[in-house]
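A.B. asks: The residues making up each chain are set out below.
Number of protein chains: 4
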Amino acid sequence: QHPLVWITGPCVIESADLVMRIAETLRGVADRLNVPMIFKASFDKANRTSGKSFRGPGLQEGLKVLQTVKQQFGFAVTSDLHEVHQVEPAAEVLDLLQIPAFLARQTDLVLAAAATGKAVNVKKGQFMAPWDMKNVIAKMTEANNDKILLTERGTTFGYGMLVNDMRAIPWMQELGAPVVFDATHSVQMPGGLGDRTGGYRAMVPYLAKAATAVGCDGIFLETHPNPDVALSDGPNMIPLAELPALIETCLRIRAAIEPTSERIG
Amino acid sequence: QHPLVWITGPCVIESADLVMRIAETLRGVADRLNVPMIFKASFDKANRTSGKSFRGPGLQEGLKVLQTVKQQFGFAVTSDLHEVHQVEPAAEVLDLLQIPAFLARQTDLVLAAAATGKAVNVKKGQFMAPWDMKNVIAKMTEANNDKILLTERGTTFGYGMLVNDMRAIPWMQELGAPVVFDATHSVQMPGGLGDRTGGYRAMVPYLAKAATAVGCDGIFLETHPNPDVALSDGPNMIPLAELPALIETCLRIRAAIEPTSERIG
Amino acid sequence: QHPLVWITGPCVIESADLVMRIAETLRGVADRLNVPMIFKASFDKANRTSGKSFRGPGLQEGLKVLQTVKQQFGFAVTSDLHEVHQVEPAAEVLDLLQIPAFLARQTDLVLAAAATGKAVNVKKGQFMAPWDMKNVIAKMTEANNDKILLTERGTTFGYGMLVNDMRAIPWMQELGAPVVFDATHSVQMPGGLGDRTGGYRAMVPYLAKAATAVGCDGIFLETHPNPDVALSDGPNMIPLAELPALIETCLRIRAAIEPTSERIG
Amino acid sequence: QHPLVWITGPCVIESADLVMRIAETLRGVADRLNVPMIFKASFDKANRTSGKSFRGPGLQEGLKVLQTVKQQFGFAVTSDLHEVHQVEPAAEVLDLLQIPAFLARQTDLVLAAAATGKAVNVKKGQFMAPWDMKNVIAKMTEANNDKILLTERGTTFGYGMLVNDMRAIPWMQELGAPVVFDATHSVQMPGGLGDRTGGYRAMVPYLAKAATAVGCDGIFLETHPNPDVALSDGPNMIPLAELPALIETCLRIRAAIEPTSERIG
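Chains as they are written, first to last, in the numbering used here: chain A, 125 to 389; chain B, 125 to 389; chain C, 125 to 389; chain D, 125 to 389.
Quick caveat, the hints were computed from the structure, so don't treat them as lab data.
Incorrect hints may appear among the rest.
If several chains are the same, the list does not tell them apart, and a pair holds so long as it fits within one copy or across any two.
[What the hints assert, rightly or not] List time: in silico DSSO-like cross-link candidates among lysine-lysine, alpha-carbon distance up to 27 Å: (1) K176 x K271; (2) K176 x K194; (3) K258 x K188; (4) K242 x K176; (5) K258 x K176; (6) K194 x K258; (7) K188 x K271; (8) K271 x K194; (9) K194 x K242; (10) K271 x K258; (11) K271 x K242; (12) K242 x K258; (13) K188 x K242; (14) K188 x K176.
Required output: the full structure, derived from the provided sequences and hints.
C.D. replies: Here you go:
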């Protein structure tokens with residue numbers, strides 16, 4: 125069994141300086157706990173609830189920051205793409221291309237990402253069943269790219285609430301792809317603060333532990349030195365200082381399931 | 125009270141010839157029943173379940189066909205846009221720009237559509253509450269465009285099923301925009317046929333009648349001479365021959381609610 | 125097509141006096157509008173959110189009040205039953221036995237109600253699909269009672285919210301039973317006020333009109349002279365004074381659909 | 125931290141003989157793994173989907189069987205109650221009274237169970253939010269009984285499907301009661317087999333492991349020597365022979381979370 129992969133970093137690139145400080149801390153955590161870690165930060169939050177919210181530095185500036193993170197700290201880096209024209213420039217820097225959940229069914233975006241030959245992480249749309257992701261995998265395969273990750277980040281559950289069906293993890297693994305669990309976006313309350321998305325930050329560790337026990341291949345988790353002042357997704361990010369303890373617990377859970385981890389059948 | 129508006133046509137432009145035949149029939153229906161009608165057909169189905177499905181003729185060819193419909197039959201025309209670069213060329217032909225439900229939160233697409241000064245019809249995302257659409261209206265308003273329509277087309281309801289909360293119609297009208305009810309996409313079963321979307325075609329008239337009784341401002345409804353052989357959305361389109369009777373029933377319902385139509389208070 | 129039936133009255137028997145005054149008003153409304161009307165009031169609210177809430181006068185006292193309503197105003201009367209031992213005494217007074225939604229799957233209660241030979245109105249559980257009600261019908265049929273009504277009163281939709289799938293009406297009619305639409309319980313927000321159930325009273329007319337347009341066989345609707353001071357379900361009952369206008373609108377909608385009302389097929 | 129409690133046994137008492145054989149096996153498992161175990165079997169399945177399904181031996185016969193299990197194997201025993209009159213006789217034998225999810229809001233049943241002074245396990249209704257259970261606790265408290273357990277067994281999620289929100293476990297623990305996770309009923313597909321409830325048996329271990337990682341206080345799990353021939357809930361029970369391995373994995377997970385188990389704060 126491969127080790128649990130961590131995809132982590134701040135929601136958005138607030139500034140080059142802040143990103144570097146977070147990356148430095150994460151480098152230390154990854155080395156000390158000996159875990160594979162991919163650094164994530166968005167260059168553009170293209171689907172904020174409100175048009176007035178902070179969006180980030182944009183593609184060019186953002187990629188420069190991620191390039192620096194990569195060189196300086198040796199992280200593989202990932203970020204999310206929203207339109208086809210962003211894919212090629214992004215693929216020159218990113219090691220893993222992320223397709224946002226809302227866009228999981230945009231065929232051109234998936235095909236363009238696949239065509240780069242890079243690994244692609246497609247988040248399951250909040251409006252999709254786990255088994256619907258087989259069609260996304262098929263689109264990737266048609267483009268001759270089998271380096272696909274799927275991410276569970278919650279399913280629409282009434283108004284203003286998401287729910288994680290933990291069965292989505294083995295159901296999507298059965299489709300033949302590794303499955304990442306996104307512990308921070310899963311606790312969002314879409315539109316829950318009127319013109320912003322709310323969130324249940326205190327629930328993040330519970331969900332990360334549950335997903336690990338179920339056997340997910342990686343955990344996606346956004347973090348910030350001080351989430352309460354973060355420019356995006358503050359209500360659901362976890363404080364950077366609390367990350368190491370959570371990783372350690374998940375590593376113990378991972379070890380606990382190793383001898384007997386079941387697959388369906 | 126303004127008359128009920130009909131936005132109708134085939135799901136996708138299968139061929140110029142078929143589109144012209146449908147438009148001709150619809151012109152006759154609109155004239156005979158004296159209803160305002162906007163012609164809709166997609167030039168590109170950019171988010172099909174499967175990458176192998178028919179997508180349409182593409183932007184340039186599709187816009188030519190819609191331009192001909194416009195000139196030959198005097199219809200206002202509408203179609204759906206998926207990326208920012210499509211907006212400007214499309215706005216030269218289209219009278220109403222449609223933002224698909226999956227993309228309702230893509231800020232750049234909404235802003236680009238708003239910037240054309242054309243009317244914009246944003247479908248409520250399957251993952252959004254009715255009141256979340258106020259943020260989409262705010263994005264439009266910030267771009268100095270108040271010609272916005274909102275469309276109810278169902279909300280995610282468990283796996284592979286949508287549900288229409290009919291209260292979404294008055295709730296969204298309260299936000300200050302006319303509300304269209306999409307009667308055919310609402311009966312989709314996403315992914316219900318494995319690599320295709322299924323649907324409950326027989327339910328379309330029930331939902332159209334319910335939405336009319338609730339006081340919606342328009343009905344969106346895809347139609348085809350023979351849905352069973354249609355290249356997209358066959359399971360939920362209604363036969364062209366059955367459209368006039370449904371319009372007539374809805375007109376009677378519209379008249380029935382006129383004297384007393386309530387608003388929330 | 126039979127006329128639309130109205131099942132209406134206060135949520136609970138607050139006092140004999142109040143019930144008689146409501147019944148008198150409703151008698152006048154039914155006569156003036158020439159609609160079939162069944163009087164409903166509960167003798168015991170056995171499943172209140174909080175144990176401290178008002179429950180009603182109990183079985184014996186409550187049945188006496190309903191018996192008086194019956195004799196004095198000529199209404200058929202209905203009320204809801206919660207345990208098997210209540211069925212026999214209740215059936216001596218009630219013309220229609222109501223099985224609450226939470227109890228729709230309690231086999232003994234359904235069988236006991238069926239065994240009385242009286243008509244039985246089973247509300248679809250908030251946790252059931254419309255087609256699941258075929259098993260309830262089967263239980264009734266096994267007890268040799270085919271006088272069954274089914275009622276749509278909403279389905280669980282995330283936390284603290286119900287949604288009405290209007291398709292439930294034709295789907296349940298297809299099972300062979302008349303279908304009533306409960307317009308007031310459908311707008312409940314279960315637990316929405318902490319220790320009480322909230323509700324969107326303003327939405328009641330929209331839903332009643334939608335259900336009528338869909339072709340339901342009856343409307344269930346709780347009413348009170350002053351819902352804001354009612355001892356149960358105030359947030360979702362409608363003021364008695366507003367009932368006649370709503371009935372009139374629904375009668376016009378009913379007439380509007382009559383010539384073309386579709387059935388599935 | 126107390127040890128994880130196991131509530132397990134067959135869904136229904138098919139025969140005294142079978143129950144004794146299962147109890148004997150479970151006794152061995154509990155002793156070997158040194159886990160606290162409560163034996164569960166229903167004397168009457170009062171809410172089967174179909175009226176023709178096997179229901180069990182009834183109250184009197186069933187209690188005799190459970191009494192024998194208790195005496196012969198030293199188990200505390202539990203079973204589910206459906207009407208008030210069953211509570212007193214049942215409390216003479218049962219150590220833990222179970223209130224079914226459908227009946228979680230039946231005030232009289234909860235009060236009657238509370239009045240016995242026995243411990244009461246109330247399953248969260250499929251139609252309830254986790255925080256709604258505070259009202260059930262309040263009803264217990266008003267009856268001067270604080271020996272309450274709450275059980276998560278899934279929430280209605282569209283038609284024919286339940287979903288477990290793993291956050292329900294800490295949310296209900298915050299109400300002050302220990303929380304049990306029901307791993308077998310959670311994978312039910314209500315009505316999924318037409319006149320029977322289907323289920324995803326293969327998902328049971330995943331959910332049990334997730335709930336353990338989240339920190340639940342106990343696991344409820346129905347088991348049978350050969351679920352495929354079981355007279356009730358076969359599609360979701362797990363084979364008796366597979367139970368020990370699952371318990372062992374959960375014990376390792378329990379140990380893994382112990383040093384750092386978070387509470388909301």
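A.B. asks: Next step is simple, just say for each hint if it's right about the structure.
C.D. replies: We went through each hint and held it up to the structure:
no.	hint	in the structure
1	K176 x K271	between (36 Å within a copy, 20 Å between copies)
2	K176 x K194	neither (31 Å within a copy, 37 Å between copies)
3	K258 x K188	neither (34 Å within a copy, 35 Å between copies)
4	K242 x K176	between (33 Å within a copy, 22 Å between copies)
5	K258 x K176	between (36 Å within a copy, 13 Å between copies)
6	K194 x K258	neither (32 Å within a copy, 40 Å between copies)
7	K188 x K271	within (25 Å within a copy, 39 Å between copies)
8	K271 x K194	within (20 Å within a copy, 46 Å between copies)
9	K194 x K242	within (16 Å within a copy, 44 Å between copies)
10	K271 x K258	within (14 Å within a copy, 39 Å between copies)
11	K271 x K242	within (7 Å within a copy, 42 Å between copies)
12	K242 x K258	within (19 Å within a copy, 38 Å between copies)
13	K188 x K242	within (18 Å within a copy, 37 Å between copies)
14	K188 x K176	within (25 Å within a copy, 36 Å between copies)
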